[in-house]
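Engineer: Protein chains in written order, with the numbering used here: chain A, 1 to 458; chain B, 1001 to 1458.
Misleading hints may appear alongside valid ones.
Pair by pair, the computed Cβ-Cβ distance ranges are [said to hold, decoys possible]:
#1 A:Gly411 with B:Asp1031: 29 to 37 Å
#2 A:Ala65 with B:Glu1098: 26 to 34 Å
#3 A:His192 with B:Leu1416: 31 to 39 Å
#4 B:Asp1031 with A:Ser15: 55 to 63 Å
#5 A:Gly411 with B:Gln1317: 49 to 57 Å
#6 B:Leu1416 with A:Ala65: 27 to 35 Å
#7 A:Gly319 with B:Ala1360: 22 to 30 Å
#8 B:Asp1423 with A:Pro410: 28 to 36 Å
#9 A:Pro103 with B:Ala1022: 24 to 32 Å
#10 B:Pro1410 with A:Ser15: 35 to 43 Å
#11 B:Pro1410 with A:Asp174: 34 to 42 Å
#12 B:Leu1416 with A:Pro103: 15 to 23 Å
Hints were generated in silico from the structure; no laboratory data involved.
Note that the coordinates shown come from a computational prediction; the quantities given were computed from them, not determined experimentally.
Note that CB positions come from ideal geometry on N, CA and C, so glycine has one too.
There are 2 protein chains.
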Amino acid sequence: MGEFVICGHVLNPASARHVTMARQVLHVGADGVIVASHAAGTAAATAVLDDAARRGVPVHELAPAQLLMPGFADLHVHAPQWPQMGRALDLPLREWLEQRTFPLEARFADPAFAAPVYEQMVTTLLANGTTTAVFFATIHEESSLTLARICLRHGLRAHVGLVAMDDPALCPADYRNPSIAQALAASSRFIHAVRALPGNENALVRPMVTPRFIPACTDGLLHGLGALAAAEGCMIQTHCSESDWEHDYVRQRMGVNDTVALDRFGLLRRGTVLAHSCFMTAEDMALVHARGAAIAHCPLSNAYFAGAVLPLRQAWQAGVHVGLGTDISGGYSPSVAVNAAMAVTAARMLDTGNDPALPAATRGRTDARLTFAEGLWLATRGGTDALGITAGQLAPGMAFDAIMVDRAAPGSNIMLPPAGDPDHTAEDIAQQILCNMGRPNIRTVWVAGRRVHGAETP
Amino acid sequence: MGEFVICGHVLNPASARHVTMARQVLHVGADGVIVASHAAGTAAATAVLDDAARRGVPVHELAPAQLLMPGFADLHVHAPQWPQMGRALDLPLREWLEQRTFPLEARFADPAFAAPVYEQMVTTLLANGTTTAVFFATIHEESSLTLARICLRHGLRAHVGLVAMDDPALCPADYRNPSIAQALAASSRFIHAVRALPGNENALVRPMVTPRFIPACTDGLLHGLGALAAAEGCMIQTHCSESDWEHDYVRQRMGVNDTVALDRFGLLRRGTVLAHSCFMTAEDMALVHARGAAIAHCPLSNAYFAGAVLPLRQAWQAGVHVGLGTDISGGYSPSVAVNAAMAVTAARMLDTGNDPALPAATRGRTDARLTFAEGLWLATRGGTDALGITAGQLAPGMAFDAIMVDRAAPGSNIMLPPAGDPDHTAEDIAQQILCNMGRPNIRTVWVAGRRVHGAETP
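Excised from the complex, chain A in its bound form (with noise of 0.2 Å):
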């Protein structure tokens, strides 16, 4: 992998709020990082240019109806759940848990049945434009270790957690850590073996502390995670106040909402990837806030299990850092872009309400609603933010983490203005992106520089 230069339409996250698209003269380090981007046609383009004509780097020029955009982050996603994807979302929560789950992510004891999984979920993520990913694997060392392996080998950004589980109320007899002890040395052990995988030294793929959450996780255990957590400097993550039943189990169990449990067990962190979150009061978000944690919000896996969705824009005005995950198998797609989508829908849903049998001023909450160009942001910077990665802008000292979008792609929903008029706006063109964006339009994804999936562009 060396250094290049890429010119061409460049649609960029500038803030939360403000999505820009314009044409830029890109320069990628052999370090995978952006060296320069400059408006095409200036003399510091030109300048970029030149210096690369004259020293034989490769410079790609893409065409007008392709663009570049940074790659997605997914910030919740069960990889052994993968087989199960789009698949039996009509069940009861307790028998999609007992009959399905459960038994398929025992499976996963058996490594030689988890490469082939790992490998197409790997493959998949990446041509959908997934190029940061935090997975929940399963309690099963070898078989995680082995996801982390191939994440490394594809190239995907990532975080993998052994989960740990033991709470035998909950936790099938043949899924679940045997001990406390085992289960707090399989996490080392884990984390060590992560950290020291061959190839890993920029720590592309890095190990996370994963308490399932709190019903699975006797309170030894939560402590002793903890412990690891500070002591390893480890990330974590887990499930916080996804339901009512959880929401309420742990407010009887603990006397207290997720987010002060976890905060007395050091699981609330910078660093920690709280998924779903939609019970959260305006106190739990204050506390994740002071302690730096991140919100990952899974609107799709949310509609069919959480029962509600998550106050997003209350989660912001606190200053939480707020990304997506696609949360697989509870959510349905692995595209980030599909549930970007569906969290603009869903925060639409919140602020109007649902039922048209109330009257309308008391149907929804107000205040609720989200802009694609704060869709974007969430499925970009907003999960790399989350998990301070230096990715997510195509700017300089980012790494280039991208996708090349081929708007005219064969096979394509995206739709080019009629011949003769003005290109569409950088809103409109977003909007586009996260709502019809399908994979013919995912030509070429890059993390840190290094082309892990499509053709070398254009």
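Since chain A is already given, all that's left is putting chain B on it; use the hints.
Structural biologist: Just chain B, lined up with the frame of chain A:
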């Protein structure tokens, strides 16, 4: 076009509740109607194959990961809003209409502008698996006839409506019928012209009487259109009880709900398609049932412009025909499958409610859920049934309006079972198709036995 035989898996919506999957031998006659469908391996199936071999009738054999299913019916498309698909949904309704939608529709006064837009739309809908579509065109006769001709040329089963809208209070000066008499004469001419199109002897493309919606039409126009539809035996489409604003406007002007007003104008009959209908009461539904009219449910659009979710199960319980509409461009997706998945998701959100600040017991309304089998029915037979079309199931006597889905296509997001596992259930495959099918999976599409998109199978 001649007769042919196809052997392979057939996914069939047997009823609203039940979907089946089996290997079948399907015999399609030269008239595009399914002559026979027999379970593969039976004596009857063998007889069909032997007969085909003897007479030189082509036989297509699908691969194991391929399947046939009925094509989709899209009951509500604003054809002139095609260039706006996936754009502008952040705008408030009034701005969306006045600054974007009406000016765009007004451009269809020029048939040279209309032709390439409609050409692209029809081919894209076919490529997404839509085999039956119901279009609002514009008030312009020549462009709307162009749309009918393009549907006919490409073989899309279509209903095309010349829009009627004459009320100066709502319609802009440059985009409305100048008088009742002009609007009625134009609608009458259009009905005759569509029916007389060369090549339309089998009425593949049908006209529809199309009052935009009550607020855009004077009483005189609505009355005249009702009489015209009766005189011509012509089907009808309009919007009905879509949003608080529209519903309240009609109640104020007419003193009754949309359905009662439409009925008084003679506009509520078997063959009438009522878009949206979110705010129908139980009495409205009973009236719609009594008249045999149908609802075009547009779940994506409703999230943005209706502010409520249609209580679809209630409509079914009242015996009302219900199909799906993309409502391009109020809805952002050209895919009926995407809208079917959204119908299931929105029904869940209506059932459980959205707002986590409300107690679970009062957050939603019960008995609103839909299964994915029901979503598939809505997307196929629900729609054709609403229109009185003998298609939508792959069974003898039905027109062969079908999609060949390749679950193993390159670029697929539909996941096959892990090696060695049995195949998924029919319900799971139906869900995968609604949730994860993309254009790469849609290999071939037929309408009335004619191949209208994609490769000759397999």
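Engineer: So which of those numbered hints doesn't the model satisfy?
Structural biologist: The structure breaks only hint 5.
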